[in-house]
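A.B. asks: The lines below spell out each chain.
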Amino acid sequence: MAESLNAKITALFDEPGCNTNVAKGEKARKKGCSKPLQPGAAAGGCAFDGAKIALQPITDVVHLVHGPLACEGNGWDNRHAASSGPTLYRIGATTDITETDIIMGNGEKRLYRAMREVVERYAPPAIFVYSTCVTALIGDDINAVCRHATEKFGIPCIPVNAPGFVGSKNLGNKLAGEALLDHVIGTMEPEVTTPTDINILGDYNLSGELWQVKPLLEQLGIRLNACITGDARYREVATAHRARVNMMVCSTALINVARKMEERWGIPYFEGSFYGISDTSEALRTLARLLVAQGADAGLIVRAENLIEAEEKRAWSRLDAYRSRLAGKRVLLYTGGVKSWSIVSALQEMGMVIVSTSVRKSTDNDKQKIKDLMGGDAHMVNSIPPREMYAQLRRGDADILLSGGRTQFVALKARTPWLDINQERHHAFAGYDGMVTLVRQLDASLSNPVWKDVRRLAPWEQEDGETGFDDEGVPALVPIG
Amino acid sequence: MPQSVDKILDHAPLFREPEYKEMLARKAEFENMPPVEQVTQIADWTKSWDYREKNFARESLSVNPAKACQPLGAVFVASGFERTMSFVHGSQGCVAYYRSHLSRHFKEPSSAVSSSMTEDAAVFGGLNNMVDGLANTYKLYSPKMIAVSTTCMAEVIGDDLNAFIATAKEKESVPADFDVPFAHTPAFVGSHVTGYDNMLKGILEHFWKGKTATPNGSLNIIPGFDGFAVGNNRELKRVLDLMGVDYTILSDVSDQFDTPSDGEFRMYDGGTPIEATKNAVNASATLSLQEYCTPKTLDYAASFGQKTKSLHYPIGVGGTDDLLGSISELTGKPVPEALELERGRLVDAMADSQAWLHGKTYAIYGDPDFVYGMARFVLETGGEPKHCLATNGSKAWEAQMQELFDSSPFGAGCKAWGGRDLWHMRSLLATEEVDLLIGNSYGKYLERDTKTPLIRLMFPIFDRHHHHRFPVWGYQGGLRVLVTILDKIFDCLDQDTIEPGVTDYSFDLTR
Chain A
1 MAESLNAKIT
11 ALFDEPGCNT
21 NVAKGEKARK
31 KGCSKPLQPG
41 AAAGGCAFDG
51 AKIALQPITD
61 VVHLVHGPLA
71 CEGNGWDNRH
81 AASSGPTLYR
91 IGATTDITET
101 DIIMGNGEKR
111 LYRAMREVVE
121 RYAPPAIFVY
131 STCVTALIGD
141 DINAVCRHAT
151 EKFGIPCIPV
161 NAPGFVGSKN
171 LGNKLAGEAL
181 LDHVIGTMEP
191 EVTTPTDINI
201 LGDYNLSGEL
211 WQVKPLLEQL
221 GIRLNACITG
231 DARYREVATA
241 HRARVNMMVC
251 STALINVARK
261 MEERWGIPYF
271 EGSFYGISDT
281 SEALRTLARL
291 LVAQGADAGL
301 IVRAENLIEA
311 EEKRAWSRLD
321 AYRSRLAGKR
331 VLLYTGGVKS
341 WSIVSALQEM
351 GMVIVSTSVR
361 KSTDNDKQKI
371 KDLMGGDAHM
381 VNSIPPREMY
391 AQLRRGDADI
401 LLSGGRTQFV
411 ALKARTPWLD
421 INQERHHAFA
431 GYDGMVTLVR
441 QLDASLSNPV
451 WKDVRRLAPW
461 EQEDGETGFD
471 DEGVPALVPI
481 G
Chain B
1001 MPQSVDKILD
1011 HAPLFREPEY
1021 KEMLARKAEF
1031 ENMPPVEQVT
1041 QIADWTKSWD
1051 YREKNFARES
1061 LSVNPAKACQ
1071 PLGAVFVASG
1081 FERTMSFVHG
1091 SQGCVAYYRS
1101 HLSRHFKEPS
1111 SAVSSSMTED
1121 AAVFGGLNNM
1131 VDGLANTYKL
1141 YSPKMIAVST
1151 TCMAEVIGDD
1161 LNAFIATAKE
1171 KESVPADFDV
1181 PFAHTPAFVG
1191 SHVTGYDNML
1201 KGILEHFWKG
1211 KTATPNGSLN
1221 IIPGFDGFAV
1231 GNNRELKRVL
1241 DLMGVDYTIL
1251 SDVSDQFDTP
1261 SDGEFRMYDG
1271 GTPIEATKNA
1281 VNASATLSLQ
1291 EYCTPKTLDY
1301 AASFGQKTKS
1311 LHYPIGVGGT
1321 DDLLGSISEL
1331 TGKPVPEALE
1341 LERGRLVDAM
1351 ADSQAWLHGK
1361 TYAIYGDPDF
1371 VYGMARFVLE
1381 TGGEPKHCLA
1391 TNGSKAWEAQ
1401 MQELFDSSPF
1411 GAGCKAWGGR
1421 DLWHMRSLLA
1431 TEEVDLLIGN
1441 SYGKYLERDT
1451 KTPLIRLMFP
1461 IFDRHHHHRF
1471 PVWGYQGGLR
1481 VLVTILDKIF
1491 DCLDQDTIEP
1501 GVTDYSFDLT
1511 R
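For the protein sequence lines, the chains are A and B, in the order given. Under our numbering, residues 1 to 481 are what the first sequence spells out, in order. Under our numbering, residues 1001 to 1511 are what the second sequence spells out, in order.
Don't read these hints as lab results, they were simulated from the structure. It is possible that part of the hints are untrue.
Taking CB as the label site, the calculated pair distances span [stated by the list, open to error]:
#1 B:Trp-1049 x A:Trp-316: 32 to 40 angstroms
#2 B:Trp-1049 x A:Gly-295: 55 to 63 angstroms
#3 B:Gly-1501 x A:Ile-301: 33 to 41 angstroms
#4 B:Gln-1495 x A:Pro-479: 44 to 52 angstroms
#5 A:Val-478 x B:Gly-1501: 45 to 53 angstroms
#6 B:Ala-1338 x A:Gly-105: 50 to 58 angstroms
#7 B:Val-1502 x A:Pro-479: 45 to 53 angstroms
The calculated lysine-lysine pairs, modelled on DSS-like cross-linking and capped at a C-alpha distance of 25 angstroms, are [stated by the list, open to error]:
#8 B:Lys-1395 x A:Lys-452
#9 B:Lys-1395 x B:Lys-1054
#10 A:Lys-452 x B:Lys-1415
This one's a predicted model, so the numbers in the text were calculated from it and none came from an experiment. Note that the Cβ used here is the ideal one computed from N, Cα and C, for glycine as well.
Excised from the complex, chain A in its bound form (with noise of 0.2 angstroms):
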């Protein structure tokens, strides 16, 4: 691994935003947050892959990835995160490097020359590298490459240093915020800036949930500056440090970049998320009050507390249909991130049951609120081993799983319904009107008669009273409060 690789990685573990971090000792802090992998377990996704999702929503470039074919040719196009303009960014661009360049050396070459080609055909504003575990290995250095074509060329050329061996997806979205912090953020000046301009980090606008948060940021006259990545335009991203507030909505993938562009330009960040009633509702009074305090007119605050009555009023009204239907019906949650407590108080709101739910990637903050929401930590839970969750859902220690697609075999195989709330879901669930979404989905697939035809036994067979699973010492799903 190259030495400045290495020395950014390791000052990555230091992050002072992270209260975890803080708290470790000199040397468990060298290690690292993210948990060693596991040769053998199943794992997720590499650094690579985690530096491509942060930065690709961003449309209008070109995300050239430097390796072979696979690395992009899998990936190519799989996550829903939606633009409102240049297509640009869902090409798949890469030098797919062959055995002969690896032997030869020739990479370097190749990459320049797919940039030519790249400047030649597309005419991008920015074109965005990724180096990957071979180009890496076999030493290509990008950064130059990348410093050379940007004086050739004339325009900005991104070395994205995130080879899969590094580390998990994790470390790759925070190896795509340092990108975007040297190369990209504050490299140009807005044409015009206003006193209520936020950005928006952690947001990837998938399945267009950024255009359901939009319209409420616009009724209150708060601008947009950027969202990073979601629907973003490279001069977006590069004018990013001119915004008065920062809204930090996947806490753990860009965290560095909140708190480094607090160091840099003085830009206060929060947490706060659009998922669920009472947190979009949050999440717009927190806006408006940084914004305040940030210089902007006070009566924003006013503003924003009207909207937020008429949203909810309108939101619950739409919901109201729904509440008998889904009342007591038991919920397994089972994601990461803001979602674990994001939706836990909309859901509890229509009367549902939250049994569990999951932490995996969640911050001590997320944690935290999880604690609060449901009253203890009893059910929180780091990952369930997928055969714990095959007995607990087949016993029926719970109505339905709220998960990404992976997990969503188990709940088929046991025989319970399941609602992707994960990257490959086909609607968009954040604000007011996402909730409302979310819970229709949420009855619809309850409802669903296929789970009757899973549950039931052909007419000729006889229920033997086996049940065909091995249930022996996996903990119940309690239902909570």
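Based on these hints, arrange chain B on the given structure of chain A.
C.D. replies: For chain B alone, kept in the frame of chain A given last:
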């Protein structure tokens, strides 16, 4: 000139050339075409509730009926027996229709002959046509059996098939012991499903009359009139073999309508052997897969002491459960594990895709049993079969459908329309829109008129090829039906989001 020798345009682009556009515009003017606005206005009105009420008040006129006539069913069922030639007594134009209908659907030659009655035959009776016709058929096509049915013409003048065939045998048109079963199949009664029943009963009666049955534990299975017969019957046989059942499929057209291209022309291929048909009288039970194709045939089988049972076109989980359960019940053979695994796989696939199917609304039309089986599967996937229409559906069918709707919360607000036609369906689609239309090729006009995406799962399918080669019955067939519906949903979704720079934010790789 729009047309040049170097690049000959076919009709689609040719008539879009300015010369032709101008010519057609002037032609319209010359013919006093009303102005475009007026045409649009009237066309819009025909999609209103006002028009719907007038449309449903129709008493005498039928517009685009979704049914065919008895002899088509008779020709179809007769094709499923060993070396059997259909002989339709009456006018020959009718027979040409059956042949083209079957050919266009199955993309296979379809052989049937007519007694080619003319005006003098209508005046003096068609006996001579029968005598000459049987002789020629026997000589020209060397069949093992000639199955005689009738067109309207012969029925109106009241030709007596039984007597005519006896006379023809006396006159040595065919040998005295040659098999010539018959059925009266007037088109002005019932539909092709009735003709299927009549002809099948006629064939069984020919072989079984006067016999005493000795039950041998085997099972007779009648597939019924089915455009997917090639795939379905083969799937059915696979399932029956897996269960180890001793069976006879009464009328198996799967090989007749799927002959290989290997240099040999097969006028006849496969089919239920004559011997097996004779022995089928000794079966312990007869199971019909389409109730409305077999009421008389089942009664006849029951008169030999056979147990009988009928289903409604076994699509989907419940439909197939009933099929396997019935086979099991009638033969005492258990359902093997292999089939239970297939069941689990179908349920798994339905669960995987449930979010996309949930709450989708459908209009379904076709033969009564198909509409029932299809609606039942739609309900299983969380869909709502809002408009279910069968031109050849009866009041009793409507009641059965209502019972089905009442069995599921997704059936609320769904309605069965027996005796209605596709022009009624147009009003239904225009006034109470649905997400998807399930029917046959004729549905494409409804698709064009009402923008309701069409899924072709019903006979006849003229404008798409080879669908009939894959089963829709059984758990395997259920998968195909599921995929067909999903493909349409996803294709439509892609089509709706395909405009670059406008809707492509939702043009997603993963769905």
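A.B. asks: None of the hints should be skipped; say for each whether it holds.
C.D. replies: Checked hints:
no.: 1; hint: B:Trp-1049 x A:Trp-316: 32 to 40 angstroms; result: holds, 35 angstroms
no.: 2; hint: B:Trp-1049 x A:Gly-295: 55 to 63 angstroms; result: holds, 59 angstroms
no.: 3; hint: B:Gly-1501 x A:Ile-301: 33 to 41 angstroms; result: holds, 39 angstroms
no.: 4; hint: B:Gln-1495 x A:Pro-479: 44 to 52 angstroms; result: holds, 45 angstroms
no.: 5; hint: A:Val-478 x B:Gly-1501: 45 to 53 angstroms; result: holds, 52 angstroms
no.: 6; hint: B:Ala-1338 x A:Gly-105: 50 to 58 angstroms; result: holds, 56 angstroms
no.: 7; hint: B:Val-1502 x A:Pro-479: 45 to 53 angstroms; result: holds, 47 angstroms
no.: 8; hint: B:Lys-1395 x A:Lys-452; result: violated, 30 angstroms
no.: 9; hint: B:Lys-1395 x B:Lys-1054; result: holds, 22 angstroms
no.: 10; hint: A:Lys-452 x B:Lys-1415; result: holds, 23 angstroms
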